[in-house]
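With the hints in hand, could you dock these two chains into one complex?
Line by line, the protein sequences are chains A and B.
Numbering-wise (my numbering), the first sequence opens with residue 4 and increments by one.
Numbering-wise (my numbering), the second sequence opens with residue 78 and increments by one.
You can trust all of the hints, since none of them are fake.
Below 20 angstroms or equal to it, Euclidean Cα-Cα: the simulated EDC-like pairs (lysine to aspartate or glutamate) are:
no., chain 1, residue 1, chain 2, residue 2
1, B, K210, A, E253
2, B, K210, A, E198
3, A, K236, A, D157
4, A, K252, B, D203
Chain A stretches covered by chain B per the calculated footprint, using a threshold of three residues with CB under 8 angstroms from any CB of chain B:
no., segment
5, 15-23
6, 127-140
7, 172-186
Some chain B residues judged to face chain A by a derived CB distance under 7 angstroms, without partners named:
no., residue
8, Q95
9, G105
10, P125
11, A126
12, L141
13, T155
14, S215
Calculated directly from the structure, the hints in this document are not laboratory data.
Ideal Cβ placement from N, Cα and C applies to all residues, glycine included.
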Amino acid sequence: MYSRTSNRSRSILVFLLVLAALIITLYYRGSGGVISRAQGLALTVVAPAQSAVAAIGTPFRRISQYSLRLSEVTRENQRLQRENIELNANIGRLRQVSAENERLRSLAGFRDDFKLRTTAALVIGRSPTSWQSVATISLGSQDGIKERASVVTDRGLVGQVVTLTKGTAIVQMIDDRRSGVAVEVVRTGATGIVEGRLNGTLRLRFIAGDADIKQGDLVVTSGTGGVYPRGIKVGRVNEISDTAYSLEKEILLRPAVVYRKLSEVLVVTDRPGE
Amino acid sequence: MRADLRFPLILFTTWVVQATIVPSVAFGAVQPDLLLVVVVVSAVLRGPAFGAVAGFSAGLLQDLLAPGSIGVGALVKTAVGYSVGTIDRTLLGDNVLLPVALIALVSMGHQGAYLGVLFLSGEGIDFVTFALKIILPSAAYTAAVGLALFPVLGRWLGGNQAERSVELS
Numbered sequence: 004m005y006s007r008t009s010n011r012s013r014s015i016l017v018f019l020l021v022l023a024a025l026i027i028t029l030y031y032r033g034s035g036g037v038i039s040r041a042q043g044l045a046l047t048v049v050a051p052a053q054s055a056v057a058a059i060g061t062p063f064r065r066i067s068q069y070s071l072r073l074s075e076v077t078r079e080n081q082r083l084q085r086e087n088i089e090l091n092a093n094i095g096r097l098r099q100v101s102a103e104n105e106r107l108r109s110l111a112g113f114r115d116d117f118k119l120r121t122t123a124a125l126v127i128g129r130s131p132t133s134w135q136s137v138a139t140i141s142l143g144s145q146d147g148i149k150e151r152a153s154v155v156t157d158r159g160l161v162g163q164v165v166t167l168t169k170g171t172a173i174v175q176m177i178d179d180r181r182s183g184v185a186v187e188v189v190r191t192g193a194t195g196i197v198e199g200r201l202n203g204t205l206r207l208r209f210i211a212g213d214a215d216i217k218q219g220d221l222v223v224t225s226g227t228g229g230v231y232p233r234g235i236k237v238g239r240v241n242e243i244s245d246t247a248y249s250l251e252k253e254i255l256l257r258p259a260v261v262y263r264k265l266s267e268v269l270v271v272t273d274r275p276g277e
Numbered sequence: 078m079r080a081d082l083r084f085p086l087i088l089f090t091t092w093v094v095q096a097t098i099v100p101s102v103a104f105g106a107v108q109p110d111l112l113l114v115v116v117v118v119s120a121v122l123r124g125p126a127f128g129a130v131a132g133f134s135a136g137l138l139q140d141l142l143a144p145g146s147i148g149v150g151a152l153v154k155t156a157v158g159y160s161v162g163t164i165d166r167t168l169l170g171d172n173v174l175l176p177v178a179l180i181a182l183v184s185m186g187h188q189g190a191y192l193g194v195l196f197l198s199g200e201g202i203d204f205v206t207f208a209l210k211i212i213l214p215s216a217a218y219t220a221a222v223g224l225a226l227f228p229v230l231g232r233w234l235g236g237n238q239a240e241r242s243v244e245l246s
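Just chain B, same shape as in the assembly (with noise of 0.2 angstroms):
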């Protein structure tokens, strides 16, 4: 198959999944962000703008099962996606924990930038509670996450030299 399609396919198949099966392995709020490792992979494998693309659409697809604040997610999975891609991919190497670290990170960063958003635009928040009860447990879910799930989208999405040789010209 094309890498052009699975890329579709398998976030496709990632909103099903985050829309049905991850509210029932949540603890409370927490719970991890699938959309947000395959932006992350993606953007890793594929450079920024394919980031930028994946994050964008990942992040409305998020948004229109979440209403409320539609259009935020794919504010900060853009941004998200296209900062991951400018990461040279070889500094990342073979070690699995560094993807890993990244993903907290960037899920850290991602749902901070989240709830910024969300305070400009007049929204009362509460950054400590939120920060301690819902950032780094979920950060740290994610990550948890990412483990397993990294290496096989990897393997999903990766193999794509021509574009990644377009995107580091």
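Looking at chain A on its own, in the form it has when it is part of the complex (with noise of 0.2 angstroms):
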């Protein structure tokens, strides 16, 4: 074998490993201006290719999940025709509960947080990497669109958004290793934050070691921090072991969200609750 390297191959690698670090150094420090705008440049110019593709995908992906799911939405249809029958017999009584709620909810000051403005956006591009749970989706700063505004669905939390361009905007999922979301358990009260994992589960940290939790509970946003607004599903408790080295136990959580096979999303304009 002989060498392929030279003294320039060496001062290339040099040079681009330093410029490499610089803008590591810069990111990390929060004044890459022109790292922002480098960034809205792709963006605007791979935003186009993949509204495209998100636009012929979608048919085909709907297709393809409807008939994987034909016998169990026909399962499901059953049960929901029976808790149908029981859920009506249920409103009138709700519908007093409801109202005396808001009498006293009224009247000790208290805000309804769950009034939330959203817009609908389609996701046209998801993480081009293995290592960030990220999506872009079709609505940016022209359509009223800030950054950390939260992005949810009907099934709950999806993420925050990251960054804006004029039509575009990237969120960060929850699943991300970079996010942390103040939750708390519905069950018990209990607060603690939950981290991504990226492999599709959720981490639940933080939480008082006597907390009372069970697999199965629904944990939500707690509000607190601002970005998310309060009571949002976050997922349910799936897996809680101990750790040989740490006091912490591993709580597991599974997503209230699929977070990767998203097709459209809300995103929250405005909480006039708040």
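Next up, the structure:
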């Protein structure tokens, strides 16, 4: 074997490594105006192609989803019909309770956190690497979207807007490894932070050691921190285990939303209750 | 078309495909890294300097669409491009499986290095989980795609004898 390296090659390598390190430093220090502009440009270039692919792919994806879910839907339909009968019976009673609740909330000065104004957006692109869980959506600053706006679906929390251009935005999903969501366990009121794990599950952390957590417990946003509105479904406790080298229990959640299969989302544009 | 124009065109097209079509054939977080295949082929055919430039460009383009760690992909792919470029091309011969094995190994090294840089920058990384659930399957997926792409890219990017002879001198 002979050497393919030369002084010129080594100089190029050193120059590029230093340049990459400089870019990382600028980005982590938050002083990357040029980087943000480059990101915006990259999104602007790729977004039309992403929209086109999303538009072509959506009908096929839906057809395959429908055919795969046909028997599941039939069973679910039968179950829902039974539930519907029971629920109708409960509606009258719940209306009474709701009216009473509203009166009490008004008296106590509570805000209604669930009155969210949202705008529907299409998911036109997903993460080009395995290491981030992000999606590009079809709305941007010209549509009234702001950075850190919450993104949800009817099933639960999706994430927040982290990068904006005029016509598109990048959403960081809550299963991204850099994501942290302040949450509350509905049954007990215990609070903690949900972190992303990239493999489709979420980890519940920083929860009190004596907190009563059971499999199946519903976890919702607590509203602490101000990024996400209160009460949005995050997931259910799926696995609780002791870890060998930590006092903290390993609590894994099954997310309410399948982040990598989303085709439409809702972006929260206003939270008038707050 | 001159070889000098072929590379940017292939890089740009691969970048668009990586951002548009590849995520829809992903299994969870596991997806092939087409840009890595382009970097490996470029480096094998044109040597370490070209490999480093190809790696830097590909990594930076990928980083721009995945906010959170901009520059990390550029850093790691630069090192990958240079390292692969130092391998004697004749060692790979006409065997298709050797380049594919190389892509699998490089993919594992690339992702391990990526995680290492993130770890050094202060992120909590669960190496075992990432290795089993993302690095190994992604390397296999990238190698499988590389099996189909390597000969095609080799034909498109090959033939720049003048540049290679400079590298070899």
